[in-house]
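All chains, full assembly: derive it from the sequences and hints.
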Amino acid sequence: MDTKLPPYATTGQRIWFYGFRVICGLIFFFLIAPIIIIIPLSFNAEDFFTFTPGMLALDPEAYSLHHYQDFFGEDGYPWRGLMIGLGIGAAISVVLKVWKGSTNLFPILIGAILGVIIGKLTGLEGEEWMTPLRNSLMIAPVATLLSVSFGTLAAIGLSQTHVPFKGAIMAILISPMIVPLIISAAGMYFFYSRIGLQGTFWGVVLAHAALGIPFVIITVTATLVGFDRSLTRAAANLGANPVTTFFRIQMPLILPGVISGGLFAFITSFDEVVVVIFVGSAGQQTLPWQMFTGLREQISPVILAAATILVAISIVLLATVEMLRRRSERLRGIAPH
Amino acid sequence: MTDAIQDGPMLAADGRPLKRSLARALRAQKMRALMLIAPLLLFILVTFIAPIVDMLFRSVENQIVSETLPRTVVALEGWDPSAPPDDAVYAALAYDFIAAAERREHTRLGSRLNYETTGISSLFRKTGRGVDDIGEDYADQFIELNEAWEDPATWTALMGSADWNTANSGDVDGAGTLFQLSVAAREAFPEASDAYRSFARTIQAEDDDSPTAEEPWNPVYMALYRDLSAGNGASYDGPMADLIAEAMPAVASFEGMSPREAFEDIDDDWLDLDVWGTIEAFSDPFTAGYFLSSVDLQLTPEGVTAQPEEQRIYLLLFWRTLFMSGVITISCILLGYPIAFLLSNLPTRSSNLLLILVLLPFWTSLLVRTSAWKVLLQQQGVINDILVWIGLVADDSRLALINNQTGTIIAMTHILLPFMILPMFSVMKTIPPSYVRAAKSLGATNFTAFRRVYFPQSIPGIGAGCILVFILAIGYYITPELVGGRTGTFISNRIAYHISSSLNWGLAAALGSILLAVVLVLYWLYDRIVGIDNVKLG
Chain A
1250 MDTKLPPYAT
1260 TGQRIWFYGF
1270 RVICGLIFFF
1280 LIAPIIIIIP
1290 LSFNAEDFFT
1300 FTPGMLALDP
1310 EAYSLHHYQD
1320 FFGEDGYPWR
1330 GLMIGLGIGA
1340 AISVVLKVWK
1350 GSTNLFPILI
1360 GAILGVIIGK
1370 LTGLEGEEWM
1380 TPLRNSLMIA
1390 PVATLLSVSF
1400 GTLAAIGLSQ
1410 THVPFKGAIM
1420 AILISPMIVP
1430 LIISAAGMYF
1440 FYSRIGLQGT
1450 FWGVVLAHAA
1460 LGIPFVIITV
1470 TATLVGFDRS
1480 LTRAAANLGA
1490 NPVTTFFRIQ
1500 MPLILPGVIS
1510 GGLFAFITSF
1520 DEVVVVIFVG
1530 SAGQQTLPWQ
1540 MFTGLREQIS
1550 PVILAAATIL
1560 VAISIVLLAT
1570 VEMLRRRSER
1580 LRGIAPH
Chain B
17 MTDAIQDGPM
27 LAADGRPLKR
37 SLARALRAQK
47 MRALMLIAPL
57 LLFILVTFIA
67 PIVDMLFRSV
77 ENQIVSETLP
87 RTVVALEGWD
97 PSAPPDDAVY
107 AALAYDFIAA
117 AERREHTRLG
127 SRLNYETTGI
137 SSLFRKTGRG
147 VDDIGEDYAD
157 QFIELNEAWE
167 DPATWTALMG
177 SADWNTANSG
187 DVDGAGTLFQ
197 LSVAAREAFP
207 EASDAYRSFA
217 RTIQAEDDDS
227 PTAEEPWNPV
237 YMALYRDLSA
247 GNGASYDGPM
257 ADLIAEAMPA
267 VASFEGMSPR
277 EAFEDIDDDW
287 LDLDVWGTIE
297 AFSDPFTAGY
307 FLSSVDLQLT
317 PEGVTAQPEE
327 QRIYLLLFWR
337 TLFMSGVITI
347 SCILLGYPIA
357 FLLSNLPTRS
367 SNLLLILVLL
377 PFWTSLLVRT
387 SAWKVLLQQQ
397 GVINDILVWI
407 GLVADDSRLA
417 LINNQTGTII
427 AMTHILLPFM
437 ILPMFSVMKT
447 IPPSYVRAAK
457 SLGATNFTAF
467 RRVYFPQSIP
477 GIGAGCILVF
487 ILAIGYYITP
497 ELVGGRTGTF
507 ISNRIAYHIS
517 SSLNWGLAAA
527 LGSILLAVVL
537 VLYWLYDRIV
547 GIDNVKLG
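The listed protein sequences derive, respectively, from chains A and B. Sequential numbering of the first sequence, starting at 1250, is according to our numbering. Sequential numbering of the second sequence, starting at 17, is according to our numbering.
None of the hints are false.
Keeping only pairs whose Cα atoms sit at most 20 Å apart, straight-line, the calculated SDA-like set for lysine to any residue is:
#1 A:K1415 / B:R544
#2 B:K142 / B:R276
#3 A:K1253 / B:S457
No lab work stands behind these hints: they were computed from the structure.
Quick look at the structure:
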């Protein structure tokens, strides 16, 4: 299909050209609208799930943040956390300035963000939304760490030239992505009950790590496909041992793939609800689980506030992954398309 | 050419044959690759493959009957299913049942067998309360004959081995050592000694009591009566031989209910052939029963038959799952194809921008998208409001878009659409535009050029997308659970129900195994068509 309509196009061609674009527009609308529409609805001052007349008239009275207040609750120490985080970040910046002579404000930013989050999530007592959020933020990073470390190692192994039983191994490693979640959940529930992992933090972490591994394997092996082996040979030729070669040559080049695999693993664990319902117990209730319970029992508009925050998080993650993908392609000399 | 021509094998620099050196290097390489993969492989095997294998095992495992009623299962062998079993089976049932009731396992078995024949659960619970009384009439008559039969010491002396009696004489604290039967008693009284050992070991394990302090259960007296009246123990000369000699002629005049009458007295259902047929059919440690139930069949003494009409739900549910997954896949093709076509034909800059509109839903939490649809599709939700406002629908007849199949199909099409667009897009990107131009220059109309040239080249993308979406759809649980209501649920919802509500884990495992088999076949197809190495994300 041409991108511009030629001046000699017939009426039929014109109708087709614009008609097709309108159809595509409608499909894009179908894809995006449900996600976008919950954002204004989450600011509804009433406990309704539709636009009130006041909202349609853009009356500021009809909008409020009270669902967000309910979501965040009142426990926790965000300000104290912010102060401590800023302090630690500033200290690191100063150390870097003295040691390396470069001005870097990045640690202050990271310190402030982490400080607020950790401060807010400490000292909770049965908060309806913050406790599940804390559980999610404790489970997902540990599961991600496990998936990434095991997965990267195995992906490097799989990308060697001679791997016996490669097909079978690959099929086993990818299987957690293919097997329906309800089946994984059922099997894990039965098996983890036998070995005493059911209803424990580590049970959920191991289950989520297993679910995240295929994503790490796929992204890291994809990065390794374009990896130029003469670089490691050159390093070895210059006297580097295999460990040095790995950390100084191979790791920086495959790092974008590792990080985006890690993000996939993180989002898999952070979004996962079926397995955690069965493998976890009340003490491991995560944010998606709380949303699921909320949607199934008494649906409250606070869910829309939670959903809006999750949309914001996914936008950040999407942007990061896209950035990493392009960087990886540039590093490997594949022209960005 | 002055190359020296070597005799024999070619040698490497260190003097070894080159072939062997190469083989060794290759082996080292393979080992290194395997060493790198091994930790992850082990991890996946333990955390993921073992649970799946466990589930497969549970779908056929059925040890509960033979573990709870071991004697009954043995006695039932060779039973003629046209009449209730004979007294020996009922007697065995009495010994098994009282031990099971003491261990509180009879209700568990009752609920298990109730999955197969309704009514067994209540029958078992009722029997658990009445089984103590079986043999009470015999116990009374033994005690009337000689009060020594009331004394626990009589029984331990009669039944226990000499070593056990020595170790447990005097005041024993708690249960004492594990009860051991004497060889003489075992040979003389096969039934009574077995029943007594079961009694002794059960109270030791369950109540922490010693048999030296407890009078046996009533069924044990019945067992002794049955042994003596059958002439067993006529030549017994061990401890308490005088008591036996005294009872031997007396039992002929004992009166009491036979084991079958005793069970009939508790509940008429014990004469029901269906109950016995179920116990017999499920006495094997492995059963195909769960799988048969999964496809609306049942195991009866007459063989495999169809379930009663009102209990046939699973085939319908499997069919509905496949049908709705098919509808969702087709909707995804219809909506995804134009988008993939547009994206692959636009200049890179604008297609990258539009791709974000596809990737954003892909990255957004499943729960967020499901809650969005739950909010939008409600009767008082945004879509109905708009339809009423436009005037398409009257305010009092708002459309039911949620808690039915429509809701599930709309929401899941939206959720799975990116999985259709992305594989299609990656295939269409590789189709050279010059082919279509060539077709047109040879006189093809736009439509012919598309149908004969472009479309056939895009089929691999459609195939990949279809299988991916279909695999994901048939296993979906969350979205149908939240927006599907009663008519829009999938087989996964039933599996979850059996795990957490009805606790029929075996049936859940069998349903899961069937679903897994379907998915694995599709996965194999996907691997053949696309290759798992070619799965791309984002």
